[in-house]
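Same order as they appear, the protein sequences are chains A and B. Just so it is clear: in the first sequence, position 418 is 418 by this note's numbering, and no numbers are missing. Just so it is clear: in the second sequence, position 650 is 650 by this note's numbering, and no numbers are missing.
The set of hints was computed from the structure by calculation and includes no laboratory data. For each residue, glycine too, the CB sits at the ideal point set by N, CA and C. Treat the hints loosely; a few may be bogus.
Unchecked claim - Sample of chain B residues facing chain A (criterion: CB under 7 Å; computed from the structure): (1) ARG192; (2) ALA196; (3) GLU461.
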Amino acid sequence: MLTAMTFLPLVGAILIALTPGGAEALQRMLALLFTVVVAGLGITLYLGFDGSNPAAQQLVEHAWFSLPGTPHDIPVYFKLGVDGISILLVALTAVLMPLVVLSTKGHINKRVKEFMIWLLLMETGMLGVFLSMDLILFYFFWELSLIPLYFILGIWGGERRIYATTKFFLYTVAGSLLMMLGVIWLTWTLGTSDITELTGATAQLPGATQAWIFASFALGFSIKVPVLPFHTWLADAHTEAPTSGSVVLAGVLLKMGTYGLLRFGIGMFPEVALSAAPLFMGLGAIGIVYGAFLAWAQTDIKRLVACSSVSHLGFVVMGLFAMTQEGLRGSVIQMVNHGLSTGLLFLLVGMIYERRHTRDFEQYGGIASVMPIYAFFFVFAMLSSVGLPFLNGFVGEYLILLGTFKASPLWACVGVTGVIFGAVYLLMATRKLLFGPITVAANRKLQDLNGREVGLMIPLVLLCLWIGVRPNYFMDKTGASIDQIVERVDNLREARIEAMGSVPVLPTPVELDGVKLR
Amino acid sequence: MPYENWLWWIPALPFIGAIGCGALHFVTLSARRQGREESAVTRAAAMLACAAVAIPFIFSLQAFNKLKGLSPAERVLESGAWDWIDTGSFAIDVSMVVDPLSSIMLLVVTGVGLLIHIYATGYMKGDPGYAKFFAYLNLFVAAMLMLVLSSNLLGMFIGWEGVGLCSYLLIGFWFEKGWPAEAGQKAFVTNRIGDACFIIGSFLLVRLFGTLDMSDIGAAVPALLEDGSRSFQLFLAALLLFGGACGKSAQLPLFVWLPDAMAGPTPVSALIHAATMVTSGVYLVVRLNPVFAASEGLLLFIGIIAAATALIAGTSALAQRDLKGVLAYSTVSQLGYMFLGLAAGAWASAIFHLVTHAFFKALLFLGAGSVIHGMHEEQDMHKMGGLRRHMPRTYITFLAGAAALSGLPVLSGYFSKDEILAMNFAQGGLHLGLWVVGVATAAITAFYTWRMVGLTFFGDERFDTSKVHPHESPSTMTIPLVILALLAVGGGVFGLPPVLPFTHIFEQWLAPVTAPGDAILFGDNRPHLSHAAEWALLALGAFIALFFSHKGFHAYKHGKKFDEVLAAKNEAIYAKLQDGWGIDSGFKLWLLQPLRLVSFVIAVIVDQFTIDGAVNGSANLAKACGSKLRSLTDGGVSNYGLWMGAGATVLALIWISGGAA
């Protein structure tokens with residue numbers, strides 16, 4: 001099933017390539033069909049996934065090729081599998097893509113055929129990244145997922161697309177090269193590229209080697225996330241990308257970075273990660289505040305949403321490197337949350353852009369009186385992004401902050417200001433866009449959303465509510481795999497504390513005699 | 001004890017009502033677009049919204065009766081739990097709990113809420129967002145009930161944020177005008193400052209108790225205090241939660257949003273910004289009274305903040321010309337009283353004042369709404385006058401509310417205010433200082449209340465009688481006024497002072513909830529007043545209320561002249577009072593603008609020039625080194641393939657050399 005999921009989009013891309021150039025309707029239909037089928041597979045996979053099993057499930061394994069090495073050649077496998085760390089992201093990718101295809105109707109009107117090919121190719125790449133259980137294979141898919149975005153940005157982007165594309169490309173290449181060094185080094189020294197085996201074997205490596213490989217991975221993934229201060233490519237890429245590109249970028253591609261940090265940073269090198277945790281927690285926390293301030297200063301609505309990503313992903317990074325159970329679970333759910341709420345916001349920004357062809361706040365105001373349905377969805381997405389309880393964002397943010405508080409009260413206190421500043425810039429954006437009197441005449445006759453536009457947002461809205469009200473349904477799937485990491489980290493922590501001979505860093509609730517705690 | 005799962009319906013019904021009204025709103029919109037009649041739809045929305053509050057009101061009565069049938073120690077009804085969040089080591093289970101405290105809040109929220117809903121069916125008539133208004137109002141009631149009923153602090157936070165959201169939506173209800181939207185934004189953001197404190201406070205509680213279940217926390221406090229080493233953390237947690245309460249309940253310095261919140265429709269001001277939402281901070285403290293009782297220093301701090309708030313807001317109310325502005329500052333000031341009661345450990349008195357205040361302040365707001373309605377949206381009292389002749393029913397009920405607010409003897413406000421002051425007096429020490437401020441504020445309250453009455457209803461008409469024809473409001477609006485007036489006048493019977501030969505119904509009813517806090521704070525020696533002292537305080541309260549009411553009324557019953565006299569006497573001070581002591585402008589100048597500046601500095605100097613500059617700089621360097629790269633960005637597939645092939649070759653080379661080594 002995993003093989004089918006991964007390669008069906010590729011098959012779709014090939015089929016679309018075979019269609020005649022002008023048959024746009026057919027191309028759109030084919031793209032939709034294939035993404036829907038993959039979404040169906042993704043949901044089936046999700047439903048059948050056993051959350052209590054920490055190991056990779058649905059394994060597919062074929063010998064692929066082998067690399068020369070000492071003392072014996074290193075076999076590289078085509079190995080796919082899904083575990084608690086990847087299941088939510090796989091499902092998110094699968095569910096998001098049909099909606100992305102649906103959204104293209106509004107803004108992709110030239111070279112539709114090519115666009116669909118790249119989009120489907122990208123899906124193969126992204127699913128491959130999350131499903132790979134072999135490091136070399138992972139790297140292959142990682143690179144594969146970048147090429148399509150590069151074209152989507154460069155061909156269908158906005159006015160400054162060349163600048164944005166170049167920047168994106170250079171950054172990405174730099175990150176990938178660094179990561180490649182790590183991949184090669186690791187595979188070669190341990191004589192295997194199987195991720196499960198590697199995860200078990202890294203502890204044998206000398207500390208310095210671990211640290212260097214961790215650094216190369218962490219840097220590569222940090223650029224992707226992006227972690228402060230590597231974030232400047234993001235605002236440009238988002239601003240210039242077509243709506244659908246932005247949605248995929250925010251919804252899935254950035255998650256490849258946080259996913260990598262979790263699986264290959266914390267999962268493979270818990271010892272180094274523990275030492276680096278204060279740095280990353282700090283970068284995450286500062287990123288939260290920095291991103292919020294950055295967003296607050298924007299006059300371009302799409303750029304504002306892009307900057308908000310820096311802030312939101314700051315939460316994820318902070319939670320990951322808190323390396324506590326609450327922090328990790330919160331971060332994994334927050335990856336999905338960010339995909340949903342920022343995806344929604346990008347869709348909404350795109351919809352208004354398609355009508356007015358401007359992203360400048362000054363050109364808007366009072367939209368709510370002419371587009372009430374639009375206003376409803378925008379406010380909903382804003383609230384989900386602001387982290388209102390009962391919607392998805394709250395669960396993630398609260399758990400991340402709680403997990404961070406256990407590891408470092410200081411950074412939790414810095415991070416919690418994001419709760420305030422997030423409200424500041426998002427409410428400001430909402431007010432400038434939707435409220436007040438209509439000052440620009442062109443806004444008076446704006447058409448409200450049509451059925452397609454509403455329809456493609458409904459699944460996201462429902463997911464936001466679902467995660468907000470029943471987060472356990474989603475977190476239970478991730479539980480066992482994360483607990484496995486947490487257990488390893490906790491053992492390391494304890495060993496360190498013993499070595500230092502000091503009191504436990506992690507506080508335990510006070511012992512209470514005769515009081516029953518639920 | 002069997003689970004009372006029907007309790008879930010209490011918040012669920014208004015929530016369903018909100019969804020229904022929201023759907024009806026979109027129906028009215030499409031009806032309007034197609035030119036169809038929409039009055040049937042709006043009527044349905046009004047009915048639905050009222051029913052969605054009326055049924056929970058009946059349920060609340062039912063819950064109250066059930067509690068009454070139990071022995072005091074067993075007075076708890078609990079529903080089955082909803083396992084909201086569970087990470088393994090941290091779990092949030094929320095159940096709906098009705099105990100004596102929440103039963104009172106339930107009745108206030110649904111009872112006063114229902115009256116305000118009925119009033120709003122008349123007040124909002126003809127508004128294009130009629131159904132939407134009721135959707136928000138229902139949603140508010142649902143969130144408020146969640147806040148009140150939740151067994152878990154984080155469950156309470158759902159309601160806490162939910163009411164904040166509704167407040168934001170309803171303040172900005174007339175968003176086309178611009179400034180209401182800004183006021184709503186300000187309310188939300190200011191509240192969020194408190195919420196951030198609330199969140200950190202909850203983390204400390206998790207750290208201390210391993211749970212956020214409020215009854216478990218309360219039960220565990222004594223054991224924690226015996227240990228002693230963690231009492232500072234407990235103090236910190238309580239302080240942070242009080243920070244949250246400051247945001248919601250408009251205490252210094254976070255009260256700045258409440259005067260602006262008057263931009264919303266008047267029923268909203270009555271329901272959210274007087275009777276219910278703004279009191280949730282008081283409710284939080286009483287709910288967690290053992291946590292707050294654990295630190296006397298903290299209680300004193302709360303008292304100082306509360307006294308300062310009461311005084312600052314009270315004096316600001318003196319100089320407001322906007323009818324709703326007076327009521328807004330008055331609300332802030334009265335909330336200060338409630339916290340003053342909490343500071344003295346008078347939990348029951350604070351709740352008592354919360355309830356009487358809900359009656360008379362909702363009444364005054366609705367009365368003000370009726371006036372504004374009759375005056376064609378005029379809010380400036382200097383342009384009113386003589387309205388008692390035009391709006392007799394509004395006038396009479398408004399008098400009842402004013403009398404209760406100013407604390408005229410035997411009305412509800414008299415008893416509840418007196419109790420709070422007496423408790424501070426009885427504690428002695430620094431609380432005596434708080435008492436003095438409280439008494440001074442009582443005098444100010446009486447004065448501004450009757451100034452308001454005089455300016456609005458007495459003297460000559462200061463408006464163009466040929467253009468504005470004030471008229472009495474319809475009975476959907478006046479009937480709630482009459483009911484609230486009766487409650488405002490008679491509400492005192494629930495809490496008669498101990499010196500009189502009646503039982504203090506409130507204190508007795510709340511005793512099971514407040515006992516743990518009392519035990520921690522006072523042990524066995526609860527401060528006590530002699531009968532003589534009590535009579536003296538009652539007499540003093542009566543004298544102050546009567547004297548200053550008289551003064552205020554006489555200064556303004558003939559017109560607005562006294563305002564001009566005051567303004568002329570000391571212009572600077574008067575302007576400062578009108579501006580609410582300049583705290584709001586201070587916020588803008590010292591907090592908002594610097595932060596705004598920081599954001600621009602970050603965006604332009606740090607981000608664009610420094611970080612991005614470094615990035616682009618290195619890129620340009622690279623570009624200069626290899627101009628070939630440019631050809632890549634032309635978008636040719638073959639080129640890219642070439643590069644990929646080259647990359648693969650390099651990779652392979654490295655590999656082979658590595659293998660060879």
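key: Hint numbers not upheld by this structure, sorted from lowest to highest   = 3
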